[in-house]
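**Student:** On the provided structure of chain A, position chain B as indicated by the hints.
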Amino acid sequence: MSNAENLIALLVAAPLLGAAVLLCGGRRLDAVGHVIGTALSTLSFVIGVVLFADMLGRGADDRAMSQHLFSWIPVEGFQADVAFQLDQLSMTFVLLISGVGSLIHLYSIGYMEHDERRRRFFGYLNLFLAAMLLLVLADNYLLLYVGWEGVGLASYLLIGFWQHKPSAATAAKKAFLVNRVGDIGLSIAIMLMFTTFGTFAFGPVLGAADEAGEGRLTAIGLMLLLAACGKSAQVPLQSWLGDAMEGPTPVSALIHAATMVTAGVYLIVRSGEIFNGAPDAQLVVTVVGAVTLLFGAIVGCAKDDIKKALAGSTMSQIGYMILAAGLGPIGYAFAIMHLVTHGFFKAGLFLGAGSVMHGMNDEVDMRKYGGLRKYMPITFVTFGLGYLAIIGFPGLSGFFSKDKIIEAAFAKGGTEGWILGGVALLGAGITAYYMTRVMIMTFFGEERWRKSAAPAEPGVAPASGEHDEPHPHESPRSMTIPMIVLAFGSVFAGGYFSIGERFVHWLEPVTGYDHGHPPVSALTVTLATMVMLVVGVGIAYVQYGRGPVPVLAPRGSLLTRAARRDLYQDDFNHVVLVRGGEHLTRSLVYVDHTLVDGVVNGTAASMGGLSGRLRKLQNGYARSYAVSMFGGAAILVAATLLMRAV
Amino acid sequence: MNPVNYLYLAALLFTIGATGVLIRRNAIVVFMCVELMLNACNLAFVAFSRMHGNLDGQIIAFFTMVVAAAEVVVGLAIIVSLFRSRHSASVDDASLMKL
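Sequence order for the protein chains is A and B.
Residue numbers are given in full-length UniProt numbering: position 170 of the first sequence equals residue 170, and the series is strictly consecutive.
Residue numbers are given in full-length UniProt numbering: position 95 of the second sequence equals residue 95, and the series is strictly consecutive.
Excised from the complex, chain A in its bound form (with noise of 0.2 Å):
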């Protein structure tokens, strides 16, 4: 037995060593910082390597690793501890999340050279790779509690990083806002979890789940669906994700890729032992999956903003994620599966979209690209991986992951497993179709970014069209390379997972294994998806690859505006929240005002009222005050002679 447990500590206090001295360090470390960042995140990521060689050379029950630091809050009857425990899951979690983190900050070096606050970035982003370390690391749910709010906190740092810009300092607050929506369920599950099985640590907890009564365990699995979907951006709490773009590229691509939105799926697949004794938790769960993946892909589909385009396809992806996790024993593996690879080609699409703002002046209208792929050959072929990649193309990365999600739902069985599956393949083809959008626009057809093309108005003179015309260039190579990194796992991730089912066996004795029973072969399921893909892709070329793209956008059909306001998700919660919650505060001063102060006020008028009329007895005149002596004692006279004669 080696003392690899020893290390696992390390993971996490890596990354937490240089936020501490990158945050507390001030300005004389400007010019290492983004060293410092990037050296702590890699020693991480090696760190993690090691353990994985070490975790390979045991046997597939022998593999989980734990440690135990110190206990933190001792109390009878309540003990929290600061353990981890590495196991399979958390493994693959620490490998994606230092490695394609490692990766996002070697291409900050180069994104973020001009920020004067890289320093502070660098260390912003340690402290999100922390948190989520922390996050996938604890043994217990309430160290899980302290990374979740870790990733909360940097998430909202780095969304308002620019926080000179109104929007991304509002952005910032609604991430906050609404993760704190899903945070309040976590902790609910939490204080459950606590009542039912008088402890939080997973051993006990998932051990003897299958005790507690099916009640119980859909409360506690509902809330920490309700925690998922805050920080995984699923339908209702998916607001956020959208307005998140406004940080700088290299965090939408770590929270979109590697930390944040995966946290939620996380969270479901490792509490899976309360999902399986509670199906109707895991039905809702299967249906808030499947929603989002609709919703994601719509709204994907009609955004002109790139990387607007891209966050709705994460919300859609992690809808896929969440319904695979909703589906049981049968989904679990391939919903971490598709995580990796979608955490591999995402970041490379963000990254890939990254440059090509970095090239184009920080321009994120669509419409205002076209024809780069001369310009930047890098960028394009790795996007163009990406791009194959997640829409699914045979041999890539998302052909196995989703495919093999798009089955489990069919083999989820009953009307449910034909409706989720008919979800899950519709998705695919409106994935095919924004994504082919997303490509076709930027890379392909003419070159709209030309003021000179365009008919020069009267009276401006031409040369300030050529002063802010944008010159497209490729990036440099700290930015590159990580993108190339990202598409090699993004071609072959998914190929080298399925062979012989090596991700399935690696995660079985974590998340358990169920084939299910498919009503129909994996081969008509393949091929339905590759159907459904050549529609996609089709629509998308016919709309967009044909014929020029209008610079501006056009008024489009009902669905496209809805889809480019969200589909109203904004205007809903505007509606039902904020107006709701006004005129409840209202009512509430109304009543206070007029119900409880009324009550105070009225008592002490009516006793300011009685005293006064009490006061005309004190006249101050000698005589008054005889009468009244002398009417008391006749009354205590007569009734002694009453009392007498009775």
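Since the hints were derived computationally from the structure, they do not count as laboratory data.
These numbers were taken from a predicted model, which means no experiment stands behind them.
What you were told as hints is all true, and nothing was included just to trick you.
Facing chain A, according to a computed beta carbon distance under 7 Å, are these residues of chain B, among others:
1. V21
2. L22
3. V91
4. D92
5. S95
Quick list of simulated restraints, FRET-style, between CB atoms:
6. N5/B to L642/A: 24 to 30 Å
7. N5/B to G620/A: 39 to 45 Å
8. T594/A to S88/B: 50 to 56 Å
9. M32/B to L642/A: 29 to 35 Å
10. H87/B to R644/A: 49 to 55 Å
11. H593/A to S81/B: 54 to 60 Å
12. L610/A to S81/B: 34 to 40 Å
13. H87/B to R623/A: 18 to 24 Å
Where a beta carbon is used, it is the ideal one built from N, C-alpha and C, also for glycine.
**Tutor:** What follows is chain B alone, placed relative to chain A:
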């Protein structure tokens, strides 16, 4: 011995005194009315003492006289100083303690 007539007289005197206290304004007259009430009580005490054939009532009557004498000393002193300060012996003028 039948004390009824004495008691009627005592009640009459007491009523006259009480009415005087309540309706007269001159402090001296009020004071004299108070004395009248005390003496009405004394009369009743003495009458009862006579009726029962013991001296208890008469002793109480002496006590009353002693208290009344003391009261007269203090009361007259107050009335004199009141008259000096406001040149009036009206009890209604001495109403400073009302709001």
